[in-house]
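Undergrad: Just so you know, the protein sequences line up as chains A and B, in that order.
Under my numbering, the first residue of the first sequence is numbered 527, with each subsequent residue one higher.
Under my numbering, the first residue of the second sequence is numbered 683, with each subsequent residue one higher.
Everything labelled a hint here was simulated from the structure, so no lab data went into it.
For glycine and all other residues, C-beta sits at the position ideal for the given N, C-alpha and C.
Zero decoy hints are in this set.
Chain B is faced by these chain A residues, among others (derived, beta-carbon under 7 Å):
1. Leu785
2. Met855
3. Thr898
4. Ile913
5. Val919
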Amino acid sequence: MTRRNSLVVIVILAIFAFALWVILPIDSERFGREGIQLGLDLQGGVHMVYKADLSEVEAGKEAEAINGAIAVIERRVDVFGVTEPVIQRQGKDRILVELPGVSEAEKAKRLVGQTALLEFRERVTDENGETKWVPATGVINGQEKALSSNYFTEDTYVDRDRMGRIILYFEWTEEGKKLCEQITPRILNQPLGIFLGDEPIRGEDDEPITPIVMDALERCSVIEGLSFNDASELSNLLNAGRIPIPLTPIYEQTVSPILGADFIDMSLKAGVIGIIIVMLFMIIYYRLSGVLASLALVFYGTLVLALFKLIPVTLTLAGLGGFVLSIGMAVDANVLIFERMKEEFQTGRTLGATIEAGFNRAWTAIRDSNVTTFIVCVILYWLGSSIVASAPVMGFALTLFIGVAVSMFTAIVVTRTLLRLFVGTRLARRASLFSPYIGKK
Amino acid sequence: MMFNIVGKRFWFFVISGAVILISIISLATFGLKAGIEFSSGSMMTVSFEQTVEQGELKQELASLGYTNAIIQRTGDGDFLIRTHELTSQDKAQLEDALTKRFGHLTEPEFNSVSPMVAEETTQNAAIAVAVAAIGILLYVTWAFRRMPNPFRYGTCAIVALVQDALIALGIFSILGGILNWQVNLMFITGILAVIGYSINNTIVVFDRIRENLIKGISPSFEVVVNNSLVETLSRSLNTSLTTLFVVLALLLFVGASIQNFAVVLLIGIIAGTFSSICIAPTLLVVWEKGEWGRFIGWLPLPRAKARG
Chain A
527 MTRRNSLVVI VILAIFAFAL WVILPIDSER FGREGIQLGL DLQGGVHMVY
577 KADLSEVEAG KEAEAINGAI AVIERRVDVF GVTEPVIQRQ GKDRILVELP
627 GVSEAEKAKR LVGQTALLEF RERVTDENGE TKWVPATGVI NGQEKALSSN
677 YFTEDTYVDR DRMGRIILYF EWTEEGKKLC EQITPRILNQ PLGIFLGDEP
727 IRGEDDEPIT PIVMDALERC SVIEGLSFND ASELSNLLNA GRIPIPLTPI
777 YEQTVSPILG ADFIDMSLKA GVIGIIIVML FMIIYYRLSG VLASLALVFY
827 GTLVLALFKL IPVTLTLAGL GGFVLSIGMA VDANVLIFER MKEEFQTGRT
877 LGATIEAGFN RAWTAIRDSN VTTFIVCVIL YWLGSSIVAS APVMGFALTL
927 FIGVAVSMFT AIVVTRTLLR LFVGTRLARR ASLFSPYIGK K
Chain B
683 MMFNIVGKRF WFFVISGAVI LISIISLATF GLKAGIEFSS GSMMTVSFEQ
733 TVEQGELKQE LASLGYTNAI IQRTGDGDFL IRTHELTSQD KAQLEDALTK
783 RFGHLTEPEF NSVSPMVAEE TTQNAAIAVA VAAIGILLYV TWAFRRMPNP
833 FRYGTCAIVA LVQDALIALG IFSILGGILN WQVNLMFITG ILAVIGYSIN
883 NTIVVFDRIR ENLIKGISPS FEVVVNNSLV ETLSRSLNTS LTTLFVVLAL
933 LLFVGASIQN FAVVLLIGII AGTFSSICIA PTLLVVWEKG EWGRFIGWLP
983 LPRAKARG
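Please model the entire structure based on the sequences and the hints provided.
TA: Here it is, written out as structure tokens:
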């Protein structure tokens, strides 16, 4: 019995050492991972879900269109320099974009969601005398085509001309040149509108850029007047290619990285203070048993964190909430057991007999009562996985599940083993050390 | 030192009944304010450098056309603003206007949900709640299968659970009516966690009743239940206390973002502890003794008959 118990102590210590090795230091790169994975709400960043309009896509080519869009978004995000972005197809017609750690959320969103099609338009006056911009079109192979950045080669770049002005260079493809040859003569000495989406592109003075067509358009392969930032952004967009299908954002969550860091600090504080209060309570109320339960709680916290890292669990704020909650619930099994032990002591049993009887009798209650929490966790996890705003619910369900499962193990195995160490020692005769109210009777 | 908990059962029913009644009235009056996850829209956290009055902010938003904006104050210059779904342009304009009026602002969080996503989320959350209810019902039936009257035990456990959920909903409708608190996804998560937790406590008490019935400690069902309650009392209270400690720590330190969630847990743990000690087991006794008539007779003149 004692030898078996010593063996269990060694195993427990080994697990504890391993768990410590896994989690320390907290930001190590062991197993090729950088510390515990943090969700977007904790590290800040942008989470977008787009719905693709597949109505114009040929039947059977939907997946191709979505993958095309994903490839373009990936290229654009690369330029933006995001570490570990997630760009995924979700369901039939959705694209999930996660950009962790991004602080310029607006810029990032502009980059990702753009269809990035520069359209060239000519100004016409309609029958009512109103002027408006209409796409400049030409005919290729008998089909009318609008002149746009679809006819750019994908190697635009930004430079300065001899006067030091910012210019965006581009080059026409063969088809683009053909269109230009048809369009230029028509609108010679007239302004040319350049539109991104439905908005004209604007220069540093915030005025629309509308160069006057002076010469054959085919040589007009620069755009002047943009600010440097706008010109480089545009150039990057154009080079990454055009998203083949219209995307509409249907869900968005943006958290500033500063706030995310605050959340981590605050929940760590909550966790530590929670653990300390729970430990103090257990020690004051259950004395030496409480001290052992507190040791088990330390073991519990270490093991759960190690599991978070090994599985790996992406921690969110709600997930941390689940973890902190599970600390409070983790001692439940111990409380059940200690209360049983109290009753067993009152019948005059020895420490050894009390421990075994207490644990055996408490087991059914521990098992039955935790099952409901497991049921709820499983259902919440399913709910989380079935909705767009999945992270908080799934995070909570997962951490609570792991927490409760580990707590059953620590309460039953670790606390019992530690208690057994005292069996047969002189301390064992002093029941009041192990249980409240004993000896006062 | 033996508490007579079961003997005060009618008092507990009155307390519970009153709280439930208040909850229902509040739910009927204020209703619940659905968060953007369920009703679509945009929610932003804004932080002004200077102190801003909620009234002024509301006025400014109204003058910008956001007459239906819901504002929740979370600090001196910190607000949660909820509007209909904003496009990037709407949002930029709104930020500019607010900066002009109230000075520099930061926007730590922004969340926007389209009607399509909201509908999906609502539907799935409803399914999840229903499945959870059925799952727990099945489990309770199974857990109490060896009890003399499994159906009774199951029903009493469920009644206690419904009470907990109602109280949480009721308090949230009051918070929604007064402070503009909204029911979001984390609220639902909290309610489900509370339901799991509450049933957990009830099961521990019922487990002890079963054990004591088998042992045959007393021919009187009332005495058996009361003894079982007293024996498990310190466990019930201690477990609830440790959980309350950590929930309070969460509430105090993590603040606005999971406030809803922490408050639901707080309410649920308190209500759940009360119901698993004072309601579920005492209901069993009332049912066993068939004393509904006695309870109703007791009601109009509580003091005179309570001693009887």
